[in-house]
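Given the coordinates of chain A, assemble chain B onto it according to the supplied hints.
Protein chains: 2
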Amino acid sequence: MKYGYFDDAKKEYVITTPATPYPWINYLGSQEFFSLISNTGGGYSFYKDAKLRRITRYRYNNVPLDLGGGRYYYLYDNGEFWSPGYSPAKKELDAYECRHGMGYTKITGKRNDIETEITFFVPLNYNGEVHKVVVTNSGKKPKEVKLFSFLEWCLWNAQDDQANFQRNFNTGEVEIKGSVIYHKTEYKERRDHYAFFSVNAPIDGYDSDRESFLGTYNGFDNPQAVAAGKSNNSVADGWSPIASHSLLLTLEPGESRELVFILGYVENSLEEKWESKNVINKQKAEAMIAKFATADAVDKALEELSNYWEELLSKYNLASGDDKLNRMVNIWNQYQCMVTFNLSRSASYFESGIGRGMGFRDSNQDLLGFLHQIPDRARERIIDLASTQLEDGGAYHQYQPLTKRGNDEIGGNFNDDPLWLVLAVVAYIKETGDYSILDVMTPYDNDTSKAAPLSDHIKRAFDHVINNLGPHGLPLIGRADWNDCLNLNCFSMEPGESFQTTTSKDGRVAESVMIAGMFVYIGKEYTALMEKVGNTAEADRATMEVRKMKDVIMEHGFDGEWFLRAYDDFGRKVGSNECEEGKIFIESQGFCVMGGCGIEDGKAIKALDAVEERLGTKYGLVLNNPAFTKYYVEYGEISTYPAGYKENAGIFCHNNAWIMCAEAVMGRGDKAFDYYTRIAPAYTEEYSEIHRMEPYVYSQMVAGKDAKRFGEAKNSWLTGTASWNFVAISQFILGIKPDYDGLKVDPSIPRDWEGYQVTRSFRGDTYKITVKNPNHVSAGIASLTVDGKVVEGNIIPVALDGKLHEVEVILG
Amino acid sequence: MKYGYFDDAKKEYVITTPATPYPWINYLGSQEFFSLISNTGGGYSFYKDAKLRRITRYRYNNVPLDLGGGRYYYLYDNGEFWSPGYSPAKKELDAYECRHGMGYTKITGKRNDIETEITFFVPLNYNGEVHKVVVTNSGKKPKEVKLFSFLEWCLWNAQDDQANFQRNFNTGEVEIKGSVIYHKTEYKERRDHYAFFSVNAPIDGYDSDRESFLGTYNGFDNPQAVAAGKSNNSVADGWSPIASHSLLLTLEPGESRELVFILGYVENSLEEKWESKNVINKQKAEAMIAKFATADAVDKALEELSNYWEELLSKYNLASGDDKLNRMVNIWNQYQCMVTFNLSRSASYFESGIGRGMGFRDSNQDLLGFLHQIPDRARERIIDLASTQLEDGGAYHQYQPLTKRGNDEIGGNFNDDPLWLVLAVVAYIKETGDYSILDVMTPYDNDTSKAAPLSDHIKRAFDHVINNLGPHGLPLIGRADWNDCLNLNCFSMEPGESFQTTTSKDGRVAESVMIAGMFVYIGKEYTALMEKVGNTAEADRATMEVRKMKDVIMEHGFDGEWFLRAYDDFGRKVGSNECEEGKIFIESQGFCVMGGCGIEDGKAIKALDAVEERLGTKYGLVLNNPAFTKYYVEYGEISTYPAGYKENAGIFCHNNAWIMCAEAVMGRGDKAFDYYTRIAPAYTEEYSEIHRMEPYVYSQMVAGKDAKRFGEAKNSWLTGTASWNFVAISQFILGIKPDYDGLKVDPSIPRDWEGYQVTRSFRGDTYKITVKNPNHVSAGIASLTVDGKVVEGNIIPVALDGKLHEVEVILG
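If you read the sequences in order, they're chains A and B.
Residue numbers for the first sequence follow full-length UniProt numbering, beginning at 1 and rising by one.
Residue numbers for the second sequence follow full-length UniProt numbering, beginning at 1 and rising by one.
Worth flagging that the hints you see were computed from the coordinates, not collected in a lab.
Be a bit skeptical, because a hint or two may be false.
When chains are identical, the list treats them as one kind, so a pair holds in a single copy or across two.
Said to hold, decoys possible - With a Cα cut of at most 16 Å, we get these calculated EDC-like pairs of lysine to aspartate or glutamate:
(1) 630 <-> 271
(2) 630 <-> 192
(3) 300 <-> 161
(4) 300 <-> 310
(5) 277 <-> 581
Keep in mind the model is a prediction, meaning the values are calculated, not measured.
In isolation and in its complexed conformation, chain A is listed as follows (with noise of 0.2 Å):
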C-alpha cells in the first residue's frame, strides 16, 4: 500500500494523507542551520549542534505521536478552526497535501473554502527557516480568516530544556517589536545568541507564554486563543515561552494573500550583544527579516535552491529503464548522502539530538556517497576528523560538531574506526586529484602543538591495525569494530549499563576478522596511493603486510563454507558452524570478499553463496543467523536485542551493501543487483504499510525474518547505509568509479539489463557514459570509446577540458 507518490520530475515525493504509517520528514538546510519537518510540519530547528543549539521544542516518543511540536499553522473562520497540514488542529480537511522536495517541503491544506499553501525552506547561506505562506479564497463569498502561527522555543541546551526544570521554569525570556517575537533565555548572560520569529506583515496580535496561548490545560490541537479567534498578546517570563502571531486576512472570492514567516538564528559578540540595557541588539535580525520581506524575493531564493540541487545531482545522472532505479540513483539516495554527511547520526525522528555528536566512522564513510558533490566541505570534514584522532592512530568514537571535539564521555578504542579514514581520503583524491590534501598539517586530539601532515595520519591509522594484533595475528577488536554491539571485552552484567561507554577490558585476544577482511580491501587502497605518490617503500611495506593479513584470514578467518566473524575473549570462534546461535554473519563476509580473499579457491562464492542461503530474506540480508535468544555476557550488547532487531539478526541495510559490492566483486551482477531492490526505498514504496518507513530514505534497519514484525524498518534517514549503497549502485554495480587516473568503468549488472547512461561530472568535465549489453553478460568490457576513440583497458582518462565527452561502452 502507498501513502503518496513519487513526483519524479520535480524531484519530490507527494504525501497525500496525513496519516502516514510513522511520520515521514524531510530535512531542510544543508550548512549549518538544519530543520527537520515532518508531513504534518512536526520537527524542530537547530543551529550546528542539536544537543548544544537546539532552537524548537519537540518531544520525542509524543503521545499523539509527532505532536510534540513543530511549526503550527491554524486558520480561525467564523468560530471554528484547522491547521492547512491537518496537525496539530487535527480538523478533517477538504484537501491534503504534502511534498517533501530537496530542501524544501511544501504542505497544502484546504478546508471552508480558504486553500493555504505552506513551503518551508531554508535558503541558502541563510541561518534561518523561511515559510512562505498563500492564504486564498476558493470560494465564492468574501472571506475574513485569521491566521495564527505557534511555535515553542527550546532553552538553548535540549538536554538540559527536558531536565532541568527547577531552573527552566524561571528563565525564559522574550522582546516583541512591532511583528517580531525574540526569544533571549539567557541572552542577559552568557548566551551570545537569540532566536526570532518574525512576519512580513503587521499583525493584530501576539503570544509568547504558552500557557496564555494554549490555556492551562490545553493541548496543541485546541489552543484557547485560536478557539477564541484571538491572541492575548502575552509576554512570556518563565516557564515555555512561545511565539505566535495572529492576522486578519480579507480575502475577496479567488483573492491570495503571500505572507514570509522567518525562524531566525543570530549570533552577536559580547561587545554588540546590547542596543541598551537588557535590550538586545537586532541588527543582524532585522536584516535577515529584510533579506525576504517580499514573496517574490522568497521565490527567488527557493529558485537558488532548486539550482543548487540541480547542480548537485547533475553530477552523476542515470538513464536506465527503472523508474524506481533513476530516482534512487539521481535523486534521493544523493539527497539522503548529503543529509547524512551534514548530520552523521545525530538528529532525526530516532536519534534524539541529545545523545551524540558526530561518529568519526560513521562520517568518513557518509562522506564516500557525498564527496562527489561538494569535495571543498568533504575535504574540510576529512580533516575536521583527522584533527580528532589520536597519536597512536586510534580515534575519538565521537565528536560534537559545535566544538569539533574528541567526544571524552563515548571514549575510543573501536578498532575499526582508523581505517575508515583512510578509506576516505583515498576516496577524495581519486575523486578530486588534489593529493594535495596529504600534505595538510593536521592536529592529533584537537591539539595543533601535536599537528602532522594528514598521510602521517593514514599511516598510523593503517599502523594502528598492524600494532594491535591478536594471537592468530588477526586485529585485535577493540571495545567493538563496526557492530558496536559485538562487544568482546565488555563482560557487563550492570543493569542498563552502556556496552559503549562502560570501562571495557583490555582484551588482547578478541580478534575481528572483518577488521581483517577491511584492512585487506583498505589496505591495498593504501598502497596504490603510496605507489601513486611516489613512496614505493611504503607502499611495498603495506603491501606485504596486507598479504601476510590475508594469509592470516584464510587459514584462520575460514570456517569451511564461509569467513568467520572474531574470536571471542577465550579465543572460541564466533560466527562459526560450531556455535549454537550466531553461526554466520554478514560483515566478514563482505569485506573479505571485497578484500579479495578467497577469490582464488573458490571460498569466495561459497561464503556469498552461504550469505544467500542463511541471511537472505524478501526484505533483505540479516545481519547474523541464528538470531541470539539469550544474553551472551561474551558478545555483549548484540544479544541483548530480540531476535530479528538491530544487530541481532536484523536486516541492517548498511552492511547489505557490501555484499552487493562483493557480489558485483565477484561479477554476479543479477545478485548484486537483487540484493539492491530488495533495500532500495523506491522498491518498498508498494509495502508501506508494512514497511512503514519513508520510501524515499534508507531506515538503517528492517526487522528480520525472526522478528514478529518481520519487515519493519526503523531509523530511517540517518544511517551508512545511504552512502553505501550508493557506493554499491553507482560504482559497483553501475560500474562508474572515480580512480586516481580518470573514471574506471567496470559495470556487474543483471544479465537481461539491455544497457544505460551515466552523465557523471569528474574534475570538471563531464562524461556522458553509454553502456551497452548486447551480449546480455554481468561484467566484463568488450570496448570502450571516448569521443569516438577506442581506448584500451577500462579507464576513461581524465580529459580536464571542462568539456562534454561521449563515452561508448559495450560489454561482453
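Relative to the frame of chain A, chain B by itself:
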C-alpha cells in the same frame, strides 16, 4: 480563590475541580516504592531511584499539561467513554472529587449514572501501587459498562528512555498470563527486575502495545481501543509497551463492583530469574497479587496505613485556636517532612528524577523535621550520608539512592555541606538520647577500608571549616555554600555551562559569612555534644574556635546595619550597602543571629529590622535586594535569573525559616509568627489562583516583588522549607525543643495568644504540654510544672517510663 478545602478530620485535602491552577499532586509510598500522583491520576512510579528504576513513563513539560502519563482509567458506556479522574479522556463529569490523604489518593468521578471511586496507595512493606476501583450504578436502570485500565512502561532508566530511541524502540518485551501483564524489557539480559500490572478478576481483553491501544496518531484522550469498546489483545514487540485491561461490568441499579489493580515491582536473583527459557519466574509477583486478592484485604492495608500515619503524626500534636496552624503542624508539614526525607530533591513535578540523586546538605537538613517520626530511619540515613563524606571532611554534594555512592558527576567543594552533618547528628542524639551512633564505624568515600567512628566524621566536618579559612579568617566558600547559585569561584563565560559541575577555581579568597554564622550556631551544638560525651578537651578547642569565628564575624562580617553575605574572589564585599545590587542577603542574617552574633550590642536586632524593611513582602521575605539586573561573572548563577525569581530575589521559603528562628531567638514572637504565616501553605490557600501550587505543602520559591509574577510559587514539595519550617514552628515558635536531658520549653509566640497545647512523644514517653500566656508576653517562662510538680529551669526531664505526663507552662 480556593480549588478545594481541608478535611482535617480525615487528614485530607479535597480538590473539587480537575482544573487546578497547576496539577496538585501527592506522594504514595514511604519506603522503597514511590509514586507521584496528580489530582487527575497523572504521574509515575519508581523503585528507590527515580532515574535508574523508573517503572512507568511520564512526560515532563507535556502539552497538554500533565497528560504525559499516569495510571489512567476509562469507562465505556454504549458508544461513549470518559475517565473518572477527568483526565485523560477529558469528558465533562457530573461529579468530581480528589482527596489527597496521608499516603493515598482517592479520586471519584461520576457520569452517566456511573460513579467510580479509585483509591491509590502503596501498602506498607510492599513494592507496588494498589488501585481499589469501585464502580457503582447509581441510576435506576441496569448498566453494562466496560472498564479500561492503562499505564505505560518506562524502559527502566528514565534518562535513556527519553533519548536512546534507536535502541529503545527495539527492546520492549512483555508477557501476558491471565489478567496480569508483565513488563520484562531487558530482563532477558542483565536486568534482575520486572514489573507487572494485574487485576483480580478475569479480563475481557488487554493491550500491551501502545500504538495498538491508541491508534497511530491518537492521544491518551482518545484511544481507539476505548472508543471502540474493545481491546486488541496486542502483544508489545519493541516500540512502547503498555499495560491495559478491559473488563465488562454488568451492574444492577445500586450495585457496586470492587476491583483491585496492582502495579508491582519484582527483583529476582540470577539463579531464580526464569521459569523456563525466556519465561520469567512469576512467583514473587503472584504472591504479591495474592496478598490483595480481595477488596477486604485492600481495606485492611489502607487501615494499616492510616494507623501508621496516625501513630507518626501523634508524636507532635498541637491544639491552638488557629485551624490553619493546627493543620500545618499536625498534618501537612510533618507529612511533607516525610516526603522530603524519602526523596530529597530527586523526583517531583519540577525535579525530573533524572537530574540528580539525594543531596548531602539537603538530606541532612530534611532529617531535622523528620527524625522525631522514625528515628531508626534517620539513623540509617545519617550513616549513609556520612559514608559519602570525604577524608578531608568535605562531602560529595549528592549521591544516588540506588547505589548509595557519591555522585562523581556533581562532585563536591560546597563548603557548607559538612556542617549540616554535625547538625543532623546533634539533632538525632537530642531526639533519641542514642549516643551510640557516635561509635558507628563509618566509611569515608564509601570505602570501608577507610572507616572511622561517626564522631570522627563530625570532627572532620567541623575542622573542614577551620582548615579552609580565607584572608579575613572567614570560611572559604568553595564552589558555593547553601546558596548553590552564589558561585564566587566559577567565573563562567561559556553559554549553558553548569555552575554546579564546571571546573571552579580553587579559590582561596572568596569567603562566606553565612558559613561563618553556621559555624558559630552549629559549632556551639558541637561543643555541647562534646561536653556531653565527656570530651572536654575537644569541647574547649571547639569553644575557642567558635569564639574566634564570632569575633571575626563581628569585625569583618558586619556592614553597619546588617551582616555581609560574603567576600568575592577579589576580596570585595558581597551583600553590602556599598554594592550597587544585592546590597543585603537573607542567609547570613539568619545564621549569624541564630548563632548569637550581635545580640549583646544590638546589631542582631538591627540586622533583623533591615531584613523586614528591605526583604519583607506580603508573600514572604525575598532572598536579596535589590535584585541583580545583569550578569556578574564574579557572582555566578544567582545573577543569571531574571529579577525576582529563584535565588535572585525570589522568596526562597527555606531561608525564611531561619529568620523566623532568629526572631524567635531574639524573643520577637510576633514577627517570627508573622513571617511563618506569610509562607505557610494553609495560609496561601485563599489566593491559590496567584500562588498556584498545592496549598497543603511548601514550595521552594515564590516569585518576589521584582518579578512580574509576584506571588506565584514554583517547585512544590521537595524543598528544605518543609523541614526548617517545622523546626521553626515546633521548636522555635511553639518552643518545644528536644534536648539531651529532656524537652526544653522555650516559646516565642505572638503576644496576643492565650496559650496552646502540644502533645509530644519523646523517647517513649508522652508529654502533654499546656502553655498559658496570661500576661501576653512573647517569650520567657514564669513557671513549669510536670505532673503537678514544679521544675526549675525550662527543661522537662525525661521520664523514660513510657507514660503520659501532664506539663503546665506559664509564660511571663
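Here is what the structure says about each hint:
no.: 1; hint: 630 <-> 271; verdict: between (60 Å within a copy, 15 Å between copies)
no.: 2; hint: 630 <-> 192; verdict: between (51 Å within a copy, 14 Å between copies)
no.: 3; hint: 300 <-> 161; verdict: neither (36 Å within a copy, 44 Å between copies)
no.: 4; hint: 300 <-> 310; verdict: within (15 Å within a copy, 75 Å between copies)
no.: 5; hint: 277 <-> 581; verdict: between (68 Å within a copy, 15 Å between copies)
Hint 3 from the list above is the single one not met by this structure.
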